[in-house]
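Participant: Next come the chains, spelled out residue by residue.
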Amino acid sequence: MDTSSPSAFVNGALLRRYIGQKVRTVIQVIGSDTGSVVGKSTDDLQIVVRGSSPPNPLTTYLEVIGIAESDNSIRAETWTNFGNSFDPQNFNELCKLANGEFKHMFI
Amino acid sequence: MQTSVTAGAISTVLSNPSFDSSSDRPEIVVQVVDLKPIGNRYTFSANDGKTKLKAMFTASLTPEIISGKIQNLGLIRLIDFTVNDISSKATKYFLVTKCEAVGSVLDAEINLESKSDEEASVPKKQKLEHSPVTPVNDVKMDVSTGITLKPKQEFVSKSASQIMSEQRGNAAPAARMAMTRRVHPLVSLNPYQGNWTIKVRVTNKGVMRNYKNARGEGCVFNVELTDEEGTQIQATMFNDAARKFYDRFQLGKVYYISRGSLKLANKQFKTVQNDYEMTLNDNSEVEEASSEEMFIPETKFNFIPIEDLGLYVNQKELIDLIGVVQSVSPTMSIRRRTDNEMIPKRDITLADESKKTVVVSLWNDLATGIGQELLDMADKSPVIAIKSLKVGDFQGVSLSTISRSNVVINPVSPEAKKLKSWFDSEGKEISMSSIGSGMSPATKNGSRSMYTDRVLLSHITSNPSLGEEKPVFFSTRAYVSFIKPDQTMWYQACKTCNKKVTEALDSGYWCEGCQKKYEECSLRYIMAVKVTDSSGETWISSFNDEAEKILGCSADELNKLRSEEGEVNEYQTRLKEATWSSHVFRVSVTQNEYNGEKRQRVTVKGVAPVDFAAEARLLLQDISNKNKASQ
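Respectively, the protein sequence lines represent chains A and B. For the first sequence, this note's numbering gives the first residue as 1, with consecutive numbering after it. For the second sequence, this note's numbering gives the first residue as 1, with consecutive numbering after it.
Think of the hints as simulated: they come from the structure by calculation, not from any bench. Note that beta-carbon positions come from the ideal geometry of N, C-alpha and C, so glycine has one too. One thing to keep in mind: the hints can contain errors.
[Said to hold, decoys possible] Pairs of lysine to aspartate or glutamate, EDC-like flavour, derived with a Cα cap of 16 angstroms:
1) LYS626(B) with GLU101(A)
2) LYS628(B) with GLU101(A)
3) LYS40(A) with GLU63(A)
4) LYS98(B) with ASP80(B)
[What the hints assert, rightly or not] With beta-carbon atoms standing in for the labels, derived distance ranges:
5) ARG16(A) with GLU577(B): 57 to 63 angstroms
6) LYS530(B) with GLY20(A): 46 to 52 angstroms
7) PRO63(B) with ASP44(A): 27 to 33 angstroms
8) LYS628(B) with THR78(A): 34 to 40 angstroms
9) ARG16(A) with GLU570(B): 55 to 61 angstroms
10) GLU597(B) with THR60(A): 51 to 57 angstroms
11) THR60(A) with ASN595(B): 54 to 60 angstroms
12) THR78(A) with GLU597(B): 31 to 37 angstroms
13) GLY20(A) with ILE430(B): 33 to 39 angstroms
14) ARG16(A) with PRO63(B): 52 to 58 angstroms
15) HIS459(B) with ASP43(A): 32 to 38 angstroms
16) ARG16(A) with ALA613(B): 23 to 29 angstroms
17) ALA616(B) with ILE65(A): 18 to 24 angstroms
18) ASN627(B) with ILE19(A): 44 to 50 angstroms
The task is simple: from the sequences and hints, build the whole structure.
Facilitator: Okay, here's the thing in structure tokens:
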């Protein structure tokens, strides 16, 4: 497993902590355009993801790994369709725990 | 500190009921006599040496009684108590909320005898203390008509009614009758004082049974009696008395009963919460209380919603249920295994506000009598309430009536009303699922029971005494880690009843259960599987339906593969494929004796695929619980 460039689990609210750093998150796709996908984070904030090759077609949920550009946008390096059934609440709790009391277990 | 009772305290308190604060009340020390548990509270007679008054400790004092701080025949100082009325009667009782034990426990009742007739409580009791009565101590079920009372009792009763008629003078006979009928609460009855009358409702009536034993033949039946306070006692009648009273006792009616005898209840046959049981003989009196007001409570129900029935499966505790009838089956005849007798059964499906349905099996008279009534009115969706049902695990959850079950159609009660209005407004439209389907192996998704009692395997293996008395149930998520290819994985089963069949000498198979020979049989799994999780591992037994889910094919199919020759043994492949797959299991843990050693036996009751979202939620909950606990 390549651990050379770890990415932090973030939701909408945690994104601002990692501006300029590598992050990963799952969003619910709301709309897509050429070169960008607009989605809803697991804590109901809007996130825009820019990048060259989003998957086509897109499923409801999409995982994105990339660099956080601002507190609501990411420049994607890797995109992965996560299907149509996904529990956003579980992921949200994971983000909170991974950045909170269990931070030492992650990055 | 006083080492004896406060003489006359009870009369003082009774004549002065308006104590406002405990500081007004003088110190009262009484002796605890006839300490008896009723449910989770204890009742007793408070004896101040002159008077005895019924009393009750609040439930908060029960631990002190159990621990022995408050004992029978011991002295207590009443710190906080109230004087309450017993419904319609003239007598009162003490409800003790706080007290403390004083002195040491005595050997016998204190009696500072004074022959006053004015005392509020029972003068007869006092007199009896001087005329020793041999305790009625007949433990065996006697063929002859129970215990006859000593003549001394009659003397006492005459004097009591004499006192009464002296006091009442020429009162109208009816009134005088009512007066002489000093009704005793059931809770005060004991074998040592036979001069009582009780006013009770027949809350259950058994059938007349004929028996034959070493002493001869006879007939017997019993009734369950409930009084105003809700206390219950069982009364039994034999032979002449049985014949005399069988028709007189009718379910639901109220009677005055006297001249019965009491003895300690035989725990083996106990169906009712009472230390004593009553026997009525030919001399006993049973009179219907016709025109009087009856405050006696109707059958007390404690309804369990259908969705909660899972907790009671295979437990000894009987439950009560209320529901709307969705369907009624025709009568079926089932052969009873013990004596090969055919007994009637009828299945009815009930639904309630928990939006679940359950099947109740009515047996014997309930199947033919009330069951037929229900069939005729099934389209009207009546509400029925049933008392004393046994909860089994057939098809997940199944309910069965027993001899003392009581069925009421369209009862008049707030619960029934609520249920009917729910049904009329939404219940009859919605589709409801059977409570059992959530727990039987046949469902696709995991059910509520897959997420209750969730444990790690180590919880089961680290506790060897689990399931010692009755099976304990858990759910667990684990991986199948090993299936021994060489085990006897299945048995030859009857295609009709699934029981084991034996090979007949001339082709075919013989089924003991069906008493028939069949051409073919099917194979059904009885498989040992090893399962593992992050905490440990254990072997579990799996029967057909569950094993099929684990392996993904039927036993017949697997058998075919096993016997196939060839390079690649499909059989081994199948087993390998099943290995290291994770499932959520519902298991039961019991104890087995094996070569003199006690061994834990874990059996799979249900298998469900892992729902990752649900499992993740469980884990999050665990984390949050651990956080709460450590705070």
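Participant: All hints are to be evaluated individually against the structure, with a verdict given for each.
Facilitator: Evaluation of the provided hints:
Taking the CA atoms of LYS626(B) and GLU101(A), the gap is near 13 angstroms; set against the 16 angstroms cutoff, the hint holds. With a C-alpha separation of about 14 angstroms, the suggested pairing of LYS628(B) with GLU101(A) holds against the 16 angstroms cut-off. Annotation: proposed proximity of LYS40(A) to GLU63(A) holds, straight-line Cα distance about 12 angstroms (limit 16 angstroms). A threshold of 16 angstroms between alpha carbons decides the hint, and for LYS98(B) with ASP80(B) the separation of about 5 angstroms falls inside it, so the pair holds.
For ARG16(A) and GLU577(B), the Cβ-Cβ distance of about 47 angstroms falls outside the hinted range of 57 to 63 angstroms, so the restraint is violated. LYS530(B) and GLY20(A) have their C-beta atoms about 50 angstroms apart, which keeps the hinted 46 to 52 angstroms range intact. Judged by the Cβ atoms, the range 27 to 33 angstroms given for PRO63(B) and ASP44(A) is violated: they are separated by roughly 51 angstroms. Judged by the Cβ atoms, the range 34 to 40 angstroms given for LYS628(B) and THR78(A) holds: they are separated by roughly 37 angstroms.
Checked against the hint of 55 to 61 angstroms, the C-beta distance between ARG16(A) and GLU570(B) comes to roughly 57 angstroms, which is consistent with it. At roughly 56 angstroms, the beta carbons of GLU597(B) and THR60(A) sit within the given window of 51 to 57 angstroms. A hinted range of 54 to 60 angstroms for the beta carbons of THR60(A) and ASN595(B) is consistent with their spacing of about 58 angstroms. Our hint of 31 to 37 angstroms for THR78(A) and GLU597(B) is violated, since their Cβ atoms are close to 57 angstroms apart.
Checked against the hint of 33 to 39 angstroms, the C-beta distance between GLY20(A) and ILE430(B) comes to roughly 54 angstroms, which is inconsistent with it. Under the hint 52 to 58 angstroms, the C-beta atoms of ARG16(A) and PRO63(B), about 57 angstroms apart, fit the expected range. Taking 32 to 38 angstroms as the suggested C-beta distance range, the pair HIS459(B) and ASP43(A) conforms, at roughly 35 angstroms. The beta-carbon spacing between ARG16(A) and ALA613(B), approximately 28 angstroms, falls within the hinted interval of 23 to 29 angstroms.
In this structure the hint that ALA616(B) and ILE65(A) lie 18 to 24 angstroms apart at CB holds, the actual value being about 20 angstroms. In this structure, ASN627(B) and ILE19(A) break the distance hint of 44 to 50 angstroms, their C-beta atoms being roughly 30 angstroms apart.
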